[in-house]
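Novice: What follows is each chain in one-letter form.
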Amino acid sequence: MKKKLQTPSQTVGPFFAYGLTPEQYSYNFSSWVDGDMVADPHGADVITIGGNVFDGEGMVIPDAMLEVWQHDNRHSRFGRFGTGTDKANRFIFRTTKPLPKDGHAPFLTVVLFMRGQLIHSFTRMYFSDEQELNQRDETLLTVPEERRHTLVAQKKGSFYEFNIHMQGDDETVFFDF
Amino acid sequence: MSQQKKNRIDVKVHPPRLFPAYKSTVLRAPARPLIFSKKTFSELTGPAFGSFQVDPLDSDLTKNSVVNGVPLGERIVVHGKVMDEFGRAIPHTLVEIWQANAAGRYVHKIDQHDAPLDPNFLGAGRCLTDATGNYKFYSIKPGAYPWGNHDNAWRPQHIHFSLFGVNITSRLITQMYFPGDPLLELDPIFKGVPERGRKLLIADFDIDITEPSFALGYRFDIILKGNHETPFENK
Chain A
1 MKKKLQTPSQ TVGPFFAYGL TPEQYSYNFS SWVDGDMVAD PHGADVITIG
51 GNVFDGEGMV IPDAMLEVWQ HDNRHSRFGR FGTGTDKANR FIFRTTKPLP
101 KDGHAPFLTV VLFMRGQLIH SFTRMYFSDE QELNQRDETL LTVPEERRHT
151 LVAQKKGSFY EFNIHMQGDD ETVFFDF
Chain B
178 MSQQKKNRID VKVHPPRLFP AYKSTVLRAP ARPLIFSKKT FSELTGPAFG
228 SFQVDPLDSD LTKNSVVNGV PLGERIVVHG KVMDEFGRAI PHTLVEIWQA
278 NAAGRYVHKI DQHDAPLDPN FLGAGRCLTD ATGNYKFYSI KPGAYPWGNH
328 DNAWRPQHIH FSLFGVNITS RLITQMYFPG DPLLELDPIF KGVPERGRKL
378 LIADFDIDIT EPSFALGYRF DIILKGNHET PFENK
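Heads up: the sequence lines are chains A and B, in that order.
All the letters of the first sequence, read from the start, carry residue numbers 1 to 177 under the numbering used here.
All the letters of the second sequence, read from the start, carry residue numbers 178 to 412 under the numbering used here.
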């Protein structure tokens with residue numbers, strides 16, 4: 001059977017907020033998803049993840065949108081957040097840490113959209129307090145050792161800091177899907 | 178591995194990450210090669226959207242944010258089918274759209290284009306595809322608008338589309354254009370797509386769904402990457 005061509009990607013552009021993240025940006029349209037990926041964002045096992053997205057000159061990107069996906073058999077969670085509302089232009093997600101599955105270290109899949117990207121970028125966020133599992137995670141092992149740190153969020157209390165660098169010495173590892 | 182590589186996104190139709198004619202790609206495109214990773218369970222199962230309910234009014238942009246009248250502009254009905262590369266319908270999947278108003282102005286607060294806002298038009302909508310993968314929106318034909326990419330740069334009229342499909346690897350954000358728009362040939366965002374993929378971004382005028390005395394019809398089918406991988410399990 002002859003395969004059809006995939007519909008090509010186009011940039012999310014600078015003006016996505018009232019369509020994709022309306023309540024976060026105070027538009028009069030309901031949001032079906034936001035950065036709170038759990039029903040009770042103040043629950044005891046809830047973690048907060050935050051960070052900035054930096055461009056090739058190290059400038060903070062104020063018009064990116066991130067989606068976070070996780071599924072560990074027990075919980076399937078999804079979040080979406082734009083970098084245009086926080087004072088420091090950070091993204092902020094509240095979720096629970098996924099459980100390790102099939103021997104993999106726990107991770108969140110991060111999908112990044114913004115003006116200046118004709119197609120979105122995929123990365124992963126691992127956890128700095130899972131060192132043992134991280135050291136034998138099959139995906140992390142396919143990444144050159146000197147770049148692995150770009151995929152690991154740093155735990156600071158109940159907060160995990162995860163900065164994304166599009167280019168430069170600390171360029172985040174992006175995956176080919 | 179070879180089977181999985183076959184199922185990557187099709188670089189012959191998708192735009193590259195760096196496309197210097199679209200200037201903001203220069204500092205925002207990853208500079209290093211992407212790393213191929215086997216997909217694992219969570220990436221091949223996709224998110225569960227739970228009991229998310231779409232309001233029927235959400236798909237009618239001519240009505241979903243009226244304040245004191247009806248929006249100005251040319252009424253349109255846009256419909257199409259969401260399917261995978263084998264033509265199999267993708268039912269009950271979320272389709273989100275957003276667009277400029279008839280004057281080419283976005284509601285977004287950072288849009289400074291000197292064109293009027295329409296108090297009765299937001300320009301955002303969403304719906305789920307039906308059991309046969311079809312969707313339908315009522316809207317207003319968006320206007321072209323200027324942007325700062327290069328001297329006298331104008332974006333062709335377009336509607337932004339966001340789709341999920343079967344799992345994370347089929348995620349797509351794209352733009353639907355209108356047939357015969359002379360700005361297409363001048364637009365680096367459209368031209369960033371390899372030539373063989375460009376016609377897939379242009380809707381067909383469709384007299385059969387044009388509603389007499391009401392709205393012009395356009396058909397825009399969307400082909401998402403299919404789900405033909407098996408999860409990688411590390412035993």
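A portion of the hints provided could be inaccurate.
Stated by the list, open to error - The calculated DSS-like cross-link candidates involving lysine-lysine, where the alpha carbons are at most 25 Å apart (straight line), are:
hint: 1; chain 1: A; residue 1: K101; chain 2: B; residue 2: K368
hint: 2; chain 1: A; residue 1: K3; chain 2: B; residue 2: K189
hint: 3; chain 1: B; residue 1: K215; chain 2: A; residue 2: K4
hint: 4; chain 1: A; residue 1: K4; chain 2: B; residue 2: K189
hint: 5; chain 1: B; residue 1: K318; chain 2: A; residue 2: K2
hint: 6; chain 1: B; residue 1: K286; chain 2: A; residue 2: K2
hint: 7; chain 1: B; residue 1: K286; chain 2: B; residue 2: K318
hint: 8; chain 1: B; residue 1: K215; chain 2: A; residue 2: K97
hint: 9; chain 1: B; residue 1: K318; chain 2: A; residue 2: K3
hint: 10; chain 1: B; residue 1: K286; chain 2: A; residue 2: K3
hint: 11; chain 1: A; residue 1: K87; chain 2: B; residue 2: K258
hint: 12; chain 1: B; residue 1: K376; chain 2: A; residue 2: K4
hint: 13; chain 1: B; residue 1: K368; chain 2: A; residue 2: K3
hint: 14; chain 1: B; residue 1: K318; chain 2: B; residue 2: K189
hint: 15; chain 1: A; residue 1: K3; chain 2: B; residue 2: K376
hint: 16; chain 1: A; residue 1: K4; chain 2: B; residue 2: K258
hint: 17; chain 1: B; residue 1: K258; chain 2: B; residue 2: K318
In case anyone wonders, no lab produced these hints; they're calculated from the structure.
Novice: Against each hint, give a clear statement of whether it holds in the structure.
Specialist: Checked hints:
no., hint, in the structure
1, K101/A to K368/B, "violated, 42 Å"
2, K3/A to K189/B, "holds, 13 Å"
3, K215/B to K4/A, "holds, 24 Å"
4, K4/A to K189/B, "holds, 12 Å"
5, K318/B to K2/A, "violated, 34 Å"
6, K286/B to K2/A, "violated, 45 Å"
7, K286/B to K318/B, "holds, 21 Å"
8, K215/B to K97/A, "holds, 22 Å"
9, K318/B to K3/A, "violated, 32 Å"
10, K286/B to K3/A, "violated, 42 Å"
11, K87/A to K258/B, "violated, 41 Å"
12, K376/B to K4/A, "holds, 13 Å"
13, K368/B to K3/A, "holds, 23 Å"
14, K318/B to K189/B, "violated, 30 Å"
15, K3/A to K376/B, "holds, 16 Å"
16, K4/A to K258/B, "holds, 13 Å"
17, K258/B to K318/B, "holds, 20 Å"
Hint check: violations occur at hints 1, 5, 6, 9, 10, 11 and 14; the rest are consistent with the structure.
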